[in-house]
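Participant: With chain A fixed as given, assemble chain B onto it according to the hints.
Residue strings, one per chain:
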Amino acid sequence: MKRLLSIIPMLLSGDGKADRVVPPSGHTAWLTSFSAAAMAFLAVFTLALALAAGRLADRWSAELARTATVRISAPEGQQAAQTRAVLRVLRTTPGIRSARALTDAEQRKLLEPWFGPDLPLDALPIPRLVEVIEGNPGPDVAGLRMRLAAEAPGAVFDDHTRWRAPLVRAAQRLRLLAVLAIALITLATAAMITLAAKASLAANATVISVLRLVGATDAYIARAFVRRFTLRALVGALLGTAVGMVAVLLLPSAGREASFLSGLGFQGVDWFVPLAIAPLAAAVAWWATRAAAHRTLRGLT
Amino acid sequence: MIELAHAAFAYGGSEILTDVNLRLAPGSFHFLTGPSGSGKTTLLRLCFMELLPTAGHVMIFGQDARSMTRDRVAAARRRIGVVHQDCQFLDHLSVAENISLPLDVSGRDIEAERGNLDELLAWVGLASRAHALPPQLSGGERQRAALARAVIMSPEVIIADEPTGNIDWDMAQRLLRLLVELNRMGKTVLIATHDLNLIRSAKAQVQARVLRLHRRHLQLAGADL
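Protein chains in written order, with our numbering: chain A, 1 to 301; chain B, 1001 to 1225.
For reference, chain A alone in the conformation it holds in the complex (with noise of 0.2 angstroms):
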């Protein structure tokens, strides 16, 4: 780490003298701050995937771990008393921060989306619901189960178990693969230097034993190429993250039911993390140019 610092400087300043003993290479130069860009407009977008992904495993654990809902559905006449019986249970029981039951109007507003806004819920046998705040521990659900089975035939229990986990399980998944994504680009990165790195150090094969004949160390050689490469993937990668995060700006936003896709994007201090892809990319260009330069020059005397 501390050597990659020193050679910041050395990058900014420049070695003329290095640079110059190696000729320019045209246009295949652009090849690569071309690759390097596309790689980071990828990784852009990889990084999107991968926090939001992170960002909603993490909701959904978090903020359906607190909450259950007791659902109620009792005879006409029996509904109000069971739901009463129902709250006095759950307030006396250790566990529960608290319980609510809903309004008619809470729960018209809960139905209005599968059956439109005339909904006679009068009319209707519709189940009462208790939401239900979890503190920290939760309660026995169990224990909890047993009483309200003895006080109130007619309730459920529901701790959203059942539905969270493989969602929770998918979230994280998808965070997963999105992380080896960003792995795979990087060593795609390195290999597509490392393949540019050679291919200049062939071309320029009577270069190197000249300079090796007058005196100049491995160092010195390598770094005309290392200095290169590593500018070249540092533009290119900065271009590319540019490109990527304004495009990640721009995906049109669903507001607040926000679904999954809608959600990919930057939230807040995420907007700093895709700045790390241009440095990243440096150096894997500086780290792979590097070990191909050595590599090559070992094998010349």
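No lab work stands behind these hints: they were computed from the structure. Predicted model only: the values in this text are computed from it and were never measured. Please note: incorrect hints may appear among the correct ones.
Said to hold, decoys possible - Negatives, chain A to chain B, calculated, CB over 12 angstroms:
id, residue
1, R84
2, D104
3, E106
4, A149
5, V210
6, Y220
7, L251
8, L264
Unchecked claim - Covered by chain A, according to a simulated footprint, are these stretches of chain B (three or more residues, beta-carbon under 8 angstroms):
id, stretch
9, 1078-1088
10, 1172-1180
11, 1206-1220
Unchecked claim - Label pairs and their computed distance ranges (CB to CB):
id, chain 1, residue 1, chain 2, residue 2, range
12, A, A205, B, Q1136, 21 to 27 angstroms
13, B, E1181, A, S209, 28 to 34 angstroms
14, A, F34, B, R1216, 36 to 42 angstroms
15, B, R1216, A, G299, 50 to 56 angstroms
16, A, G299, B, A1055, 21 to 27 angstroms
17, A, A183, B, R1216, 54 to 60 angstroms
18, A, F34, B, A1025, 57 to 63 angstroms
19, B, A1025, A, L195, 38 to 44 angstroms
Think of the CB as a built atom: it goes at the ideal place given N, C-alpha and C, for glycine as much as any other residue.
Facilitator: Coordinates of chain B only, in the frame set by chain A:
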């Protein structure tokens, strides 16, 4: 300075040099002769570590060439000026930049040595060609540029492989005078050549020893030259 002890070099199973013993003392002047293909260039390449001996030892400035690190090899080469038979340059840099390349790679300040460079360019007759590119030079000009590049670091040892191969007698004499002058300043000189006139001419100016490669072995030539 440079010492070969029972050094041999084999390539592709056949030995090119066998049991070569040679000691280049500081300030000595040696010619290396022998028919073409006798291994003169191979022997020189052993002396500046472009090749390593397949048997025996080559000692450069007191160190065994085989055990030197790559950076030590680079450092040793800054103390040895080499004129190759096929002089290679960086074709995208000017003649002046090529000649000052050894200063560059060893981190010396080129501006501080500007005077030396101009003087050297004038000495080898390339002052007017300083800004030309190497591919624009004639064979003789290339050889003079290579000599200038070999001596700009003021090396302790100068090794030249057929330095007068492509140049006329007059220029050969000038090159020889430069080498003799460098030798008088204490530099060790080793020249491979098959030009006997050059050797005779040198012997009039300096005490030169003549080595001959014959059937893979190195011998000290007699006084007949």
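Participant: The structure should be examined with respect to each hint, and the outcome stated for every one.
Facilitator: Do the hints match the structure? See the list:
no., hint, in the structure
1, R84, "holds, 88 angstroms"
2, D104, "holds, 86 angstroms"
3, E106, "holds, 78 angstroms"
4, A149, "holds, 82 angstroms"
5, V210, "violated, 5 angstroms"
6, Y220, "violated, 5 angstroms"
7, L251, "holds, 47 angstroms"
8, L264, "holds, 49 angstroms"
9, 1078-1088, "holds (count 4)"
10, 1172-1180, "violated (count 0)"
11, 1206-1220, "violated (count 0)"
12, A/A205 x B/Q1136: 21 to 27 angstroms, "holds, 22 angstroms"
13, B/E1181 x A/S209: 28 to 34 angstroms, "holds, 30 angstroms"
14, A/F34 x B/R1216: 36 to 42 angstroms, "violated, 56 angstroms"
15, B/R1216 x A/G299: 50 to 56 angstroms, "violated, 28 angstroms"
16, A/G299 x B/A1055: 21 to 27 angstroms, "holds, 23 angstroms"
17, A/A183 x B/R1216: 54 to 60 angstroms, "holds, 58 angstroms"
18, A/F34 x B/A1025: 57 to 63 angstroms, "holds, 59 angstroms"
19, B/A1025 x A/L195: 38 to 44 angstroms, "violated, 50 angstroms"
Violation of the numbered hints given earlier is confined to hints 5, 6, 10, 11, 14, 15 and 19; the remaining hints are satisfied by the structure.
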